[in-house]
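Participant: Sequence:
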Amino acid sequence: MTDIKSKKHCSDNYQKQEYNKKVLYRLENKIKKLMHIVSIATITPCIIILIIWVFLITAYVVGRKFFNFQWIFVEEFTGYMMVFVAYFSQAYVLRVGGHIKVNFVFKKLTNKIQSILELSTSFLAFTLICYLTWRSIHWFSYGFEHKLCSSTLHIVLWPSYLTVTIGLSLFAFELALNLCLKVIKLMEINVSNIGINDVTKIS
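Per this note's numbering, the very first residue in the sequence shown carries number 1; after that it's consecutive.
Since the hints were made in silico from the structure, they are not lab data.
It cannot be assumed that every hint is accurate.
As the list claims (entries may be wrong) - Simulated pairs of lysine to any residue, SDA-like, Cα-Cα distance not exceeding 20 Å:
#1 K22 - L177
#2 K30 - L177
#3 K107 - S122
#4 K30 - E188
#5 K182 - L119
#6 K185 - I113
#7 K182 - S120
#8 K185 - L117
#9 K30 - S136
#10 K21 - K182
#11 K22 - K182
#12 K65 - V83
#13 K185 - R26
#14 K32 - P159
#15 K112 - V183
#16 K108 - I189
#17 K107 - K32
#18 K182 - L117
#19 K107 - L128
Keep in mind that this is a model prediction, so the values were computed, not measured.
The task is simple: from the sequences and hints, build the whole structure.
Facilitator: As structure tokens, then:
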């Protein structure tokens, strides 16, 4: 009688764990879709700007070589473009896993330890980017209030500072979503381990 109750209890736990797995899976998919939207929204203008950047630099080099054109604005504006691309592309790079990883050492660890390390590094990265975002907001406010201008063309610099703030904010949001995924992954591993133990007990 005790064995029957024990098996029924294990079976109920197993069903609950399967339900929890499905809930975590749905939540994971929703977060991934949101990450996809954010990354596409940030990478699309980067692609457009890079295409413009290539044509602008090409026209500048050809014009300077053969027609003696002196387009001073090109060097300055392409610099602003690169700032935009550098900060707006971070969310996309995170989603596709383009950041540096030490896979040789990492793959030798167990899944649970990998998840814990990923969660720890994601949290540290999120904290750092939040701090940089906060500092960029202060720098943008300073540039806007003091009307800082470039030394060459005397163009106001706060729009360029704003791209840094927006880019870092979107990257921080993407990191927050990524952090949620790491938590879900760790929970899934724990649920799977509990499920395996219960199946062993039932058998």
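Participant: Now look at each hint and say whether the structure bears it out.
Facilitator: Outcome of the hint check:
1. K22 - L177: The hint holds at about 19 Å.
2. K30 - L177: 10 Å, holds
3. K107 - S122: Roughly 17 Å between the alpha carbons, so the hint for K107 and S122 holds.
4. K30 - E188: 16 Å, holds
5. K182 - L119: 5 Å, holds
6. K185 - I113: At roughly 12 Å apart (the allowed maximum being 20 Å), I113 and K185 satisfy the hint.
7. K182 - S120: Holds, at roughly 9 Å.
8. K185 - L117: 12 Å, holds
9. K30 - S136: Cα-Cα ~30 Å, so violated.
10. K21 - K182: 15 Å, holds
11. K22 - K182: 16 Å, holds
12. K65 - V83: 27 Å, violated
13. K185 - R26: 12 Å, holds
14. K32 - P159: 31 Å, violated
15. K112 - V183: With Cα atoms ~11 Å apart, K112 and V183 stay inside 20 Å; holds.
16. K108 - I189: Judged against 20 Å, a Cα distance of about 17 Å means the pair holds.
17. K107 - K32: Judged against 20 Å, a Cα distance of about 23 Å means the pair is violated.
18. K182 - L117: This hinted pair holds, its Cα atoms lying about 10 Å apart.
19. K107 - L128: 26 Å, violated
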